[in-house]
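2 protein chains.
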Amino acid sequence: MVDERSDPNTLEEIQEDVLGVSQETIRELESALESHQFERVREILLPLHAADVAVVISYLAPEIREDLVDLLRPQFNAEILNYLDETLRIEVADRIGMRELAKALRNLESDDALEIIEGLEEHQQIAVLKGIPAGERVILEEVLSYPEDSAARMMQREIVCVPSFWTVAQTIDFIAKEEDFPDAFYEVFVVDPKHIPVGTVPLGQLFRHPKKSKIAEIMDRDVKKIPATMDQSEVAILFRKYGMVAAPVVDDADRIIGMITVDDVVDVIDEEAEKEILHLSRLTESDFYSPVFETSYARLRWLLFTMINTILAATVISQFEDTIQHMVALAVLMPITAAMGGNSGMQVITVTVRALATKELGSMNMMRVINKEVLVGLLNGIFCGLLLGGLAAIWFQDLPLGIVLSSAMIFNMLWAACAGTLLPIIIDHMGWDPAISAGPLLTTTTDVFGFSVFLGLAKLFLLS
Amino acid sequence: MVDERSDPNTLEEIQEDVLGVSQETIRELESALESHQFERVREILLPLHAADVAVVISYLAPEIREDLVDLLRPQFNAEILNYLDETLRIEVADRIGMRELAKALRNLESDDALEIIEGLEEHQQIAVLKGIPAGERVILEEVLSYPEDSAARMMQREIVCVPSFWTVAQTIDFIAKEEDFPDAFYEVFVVDPKHIPVGTVPLGQLFRHPKKSKIAEIMDRDVKKIPATMDQSEVAILFRKYGMVAAPVVDDADRIIGMITVDDVVDVIDEEAEKEILHLSRLTESDFYSPVFETSYARLRWLLFTMINTILAATVISQFEDTIQHMVALAVLMPITAAMGGNSGMQVITVTVRALATKELGSMNMMRVINKEVLVGLLNGIFCGLLLGGLAAIWFQDLPLGIVLSSAMIFNMLWAACAGTLLPIIIDHMGWDPAISAGPLLTTTTDVFGFSVFLGLAKLFLLS
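So the sequences go chain by chain: Z and U. Position one of the first sequence corresponds to residue 20 (my numbering), numbered consecutively onward. Position one of the second sequence corresponds to residue 20 (my numbering), numbered consecutively onward.
Hints in this document: simulated from the structure, not taken from any laboratory. Everything numeric in this text was worked out from a predicted model, so none of it was measured. Hints are supplied without guarantee of correctness; some may be wrong.
One copy or any two copies: either way a pair holds, since identical chains are not told apart in the list.
[Unchecked claim] Below, in silico cross-link-like pairs of lysine-lysine (DSBU-like), each with a Cα-Cα straight-line distance of 35 Å or less:
id, residue 1, residue 2
1, K231, K378
2, K260, K213
3, K122, K260
4, K378, K260
5, K260, K149
6, K378, K122
7, K260, K244
8, K122, K478
9, K233, K243
10, K233, K149
11, K231, K244
Turn these sequences into a full structure, and let the hints steer you where they fit.
Shown next as structure tokens:
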């Protein structure tokens, strides 16, 4: 077995295979668009999967992207929107026009149509809903009344429900004859007369039991019902934890109103992970497809926190101008304490935020986790403090200076461990998202303490 | 609809519902274990899903965890291991003993058994494989011969394959009679005489076509075959991109050797996202369950880079000791340039690394992305530089000082934008993982440039 990574040619091939569109195809398309050979463009796009058309749209330069979308407008396949990044989705939807879009949406399943409508701006949503026939519109509006990121927003309404007193044969007949079924489904839900789910039967089991068996005998009674208002991240945890494939969504009265399948969960996991990754680096959402000014503005808002942070740090340092004047070595060493505190604290925050997100950290094991992190912080603080303090003492031929640096580092790294565990727990407890605010808050404190403790100790012990 | 987050009681309830085990259950179990009421412990554990037993094991303190595992040893349900974090999995497996474990593994499907064996240390793997009957062992060893993180390691070998000339009735009969089928499957694979997959039939379709239809007529011919050596992250991209539910895995000769289902992909997406999150904060793997010394050691290795970084920065600053001596304001302001460069650069790196991981960034759009990032960097550099430079000029009543700070910030943030895009692209091109090394490399340069450009300009223009 060869490792593909080592051979760029193979990697290209694999990429082409995986991503469905080769570079040549995109280049050919670009030149066809530029030379207005629209027949050729249609020929190239015809065999492509909606996901691949989305890839092509993403790769094109903004100018010719619009030409391509114009070509796609008649008989637009709305599924393409589902595969586009949110920024591009809004742009392409605008170009297609809301009336055409409403027409295109009627061919999709309810959860796919909903996902596209959700991804639009509010004024676009209103315009699109107007173009959808009243019957379907009422259903979509009902689902849209549930909070964003709730289970109801993930579910599809096309489901297969049967009563438990039916036989296998009746169920198979029902499936064969019903018209409005989802294209792909894997599980039959068993409901009681009040439409409350009481069991599930994986499709495969229908083949493997005698036709006369009652559904009640073969169904799996361990149904995990998902409340319509449950947060999507909790739905994802549930699916992942139990390795589930499909689950019924229920309303306040426990009645089944739809189902969530594992492929919907894949998108959520992806979305939640992306959020966590972006928040760690102080970004709100991926701006890969946003134009320059929008990107610049979104990032500036976050850089504002860094600016406030640096101004605070500068204010702290300015309190010790005299001290630094007397001993410039302090200016050389002072960034060390702040940097080590900040970096070790971010390690603690990342582990804690992850454990909170996956519910591995709860009130049961909180004290144990805090104890452990404080111990680790103390150990690493002592190790790094002695090492860098020792180096500083040798470098500047000044043992007291080394001792001051060591002490300040141990203090700051211990603080980083405490705050790195407690801040996310407290922020989570208050109902906010620790992934966003815990990091910036922590580095502000490790900067302020890093500079003030080091310079303060130096003023007290080295200059008196 | 009430937002559960606002009401802690409801949240507790939901958590209990979602996570299957309530705090009371765990507390009761703890006290039963402590008072050696082992009958009671068994009663509590009996109705729990393997995933919930894993939760219980994770929450318990290390001392009583061992007692619980001892109780579980007779008739150990190996599935529990599948739901444990890797650290705990190795610990529990050791406590159970390799012979008992081999016995327990025989009841699992091939991909589940494999996942557990993979998660063990090498000496544990060898010991477990010895305890498994030769027939199954050969199969497991064959799969283990594929590279870690390859598609072959994710697949299960239990699949349903039929030739395309069969009828729907023959296929249904085959499914009804075969013994060795997976418990849950959603798709029938259609193969040619050489066992090369040529189509798929979703199970639901078997009900919805006449019994006499040929499989060839109803099958979906758009099969995405997955090479056995494909990297798991690419498999995840493929499933996500096309919203797939199951896909055949093929060997070098294109013959079907197993299948991957979307629930296997959920784990991979999760794993890949976790890796990216941890690497951003300079951690190798989650150490949430590792003991203190192990955690401390793993984190120290990464902090070493920060230490080298700070020593480099200190060396740079020490070159300007005279300059700082003459103008202490420089010491107050110098952390600003480094911090703003580092933070804006990390934003760029995060977006670039994500786009590389999801294959949204390729050679086709590379130049466009670089151009955009440089423009954003310039814009934000000018904005932040003028703002903070202006503030500094007012604070120290020194316009030239403000101009020097502005210039240094613009330079450093522009550099951060260039390096933040190019470093991940170059590192990725060389076949390494940009998520690991791009961040530390970038902040080293933004620190060094931040200090040297600011202090260098100050020396040139302010002190002459």
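A quick look at each hint next to the structure:
Neither within a single protomer nor between protomers do K231 and K378 lie at most 35 Å apart by alpha-carbon distance, with minima of 44 Å and 51 Å respectively. Proximity of K260 and K213 under a CA criterion of 35 Å is satisfied intra-copy only: 29 Å inside one chain copy versus 38 Å between copies. In this homomeric assembly, K122 and K260 come within 35 Å of each other (Cα to Cα) only across copies, at 24 Å, whereas the closest approach inside a single copy is 39 Å. In this assembly of identical chains, K378 and K260 lie within 35 Å of each other by CA distance both inside one copy and across copies; the values are 11 Å within and 28 Å between.
Proximity of K260 and K149 under a CA criterion of 35 Å is satisfied inter-copy only: 30 Å between copies versus 40 Å inside one chain copy. In the homo-oligomer, the alpha carbons of K378 and K122 lie at most 35 Å apart only across protomers (32 Å), although the nearest pairing inside one protomer, at 42 Å, exceeds that limit. Within a single copy, K260 and K244 get their C-alpha atoms as close as 14 Å, and across copies as close as 28 Å, so both meet the 35 Å cut-off. For the homomeric pair K122 and K478, neither the shortest alpha-carbon distance inside one copy (74 Å) nor that between copies (67 Å) is at most 35 Å.
Only within a single protomer do K233 and K243 lie at most 35 Å apart by alpha-carbon distance; the minimum there is 22 Å, versus 37 Å between protomers. Taking the shortest Cα distances, K233 and K149 never come within 35 Å of each other, neither inside one copy (45 Å) nor across copies (44 Å). In this assembly of identical chains, the alpha carbons of K231 and K244 lie at most 35 Å apart only when taken from the same copy (28 Å versus 38 Å across copies).
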